[in-house]
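Engineer: One point on numbering: in our numbering, the residue at position 91 of the sequence shown is 101, and numbering is uninterrupted.
To be clear, the hints were calculated from the coordinates, so they are not data collected in a lab. Worth double-checking, as some hints may not be accurate.
To be verified - No more than 16 Å apart at the CA atoms, straight line, and that leaves these computed lysine to aspartate or glutamate pairs for EDC-like:
no.	residue 1	residue 2
1	K166	D136
2	K166	E179
3	K166	E140
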Amino acid sequence: WLISFETRRELRSLHQRFEVIRDRLKPDNNSLESINRTLELGLAETGLSRLVKMQTESPSPEQAERIVRICLTVGDRATGLAHLDSVDESRRAFYQCLLDSVEESTEMTLGRLREVMATARAMPADLRSEGYFYLGLIAIEAGATSEALHAFTQSKGLAPDSPIRFVRELHL
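Produce the entire structure from the sequences given, and follow the hints as far as they go.
Structural biologist: Right, dumping it as structure tokens:
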């Protein structure tokens, strides 16, 4: 919901080109996964660089948040961190935790996300719902099923009609 229609259309077009290239390659050996990963990285970098180029030198908090969310999607931690200071302060700790999770253990991420969610009253309900959803997923990975159930229930209470509701319901 934070990506404009035009940006989504551009990313969809890039993805379609990626699919065509991948279908044309069809190697006979085991290098398909390597080729897929290279193409995916190229697609992510191209889409992300286009988005970042569209932003101003000093992006608004909404633009910075849009960039950080796309960086999370494509795995570009460095660009996400570079734009984090421009994100609204009430949301910054949440995104910092998600960006750092790539380099941390499950237990460390779980602990940090617990702390973030315990102090997340200033975040809007839909973002807190998303945070509890991620907390539930990480708790499952860490083997803390009762905590996961509680987190998914919190998520549902904050935003029952959220786009993540279908996945969340599978865990409840």
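Engineer: Taking the numbered hints from earlier one at a time, note which ones the structure violates and give those numbers from smallest to largest.
Structural biologist: none
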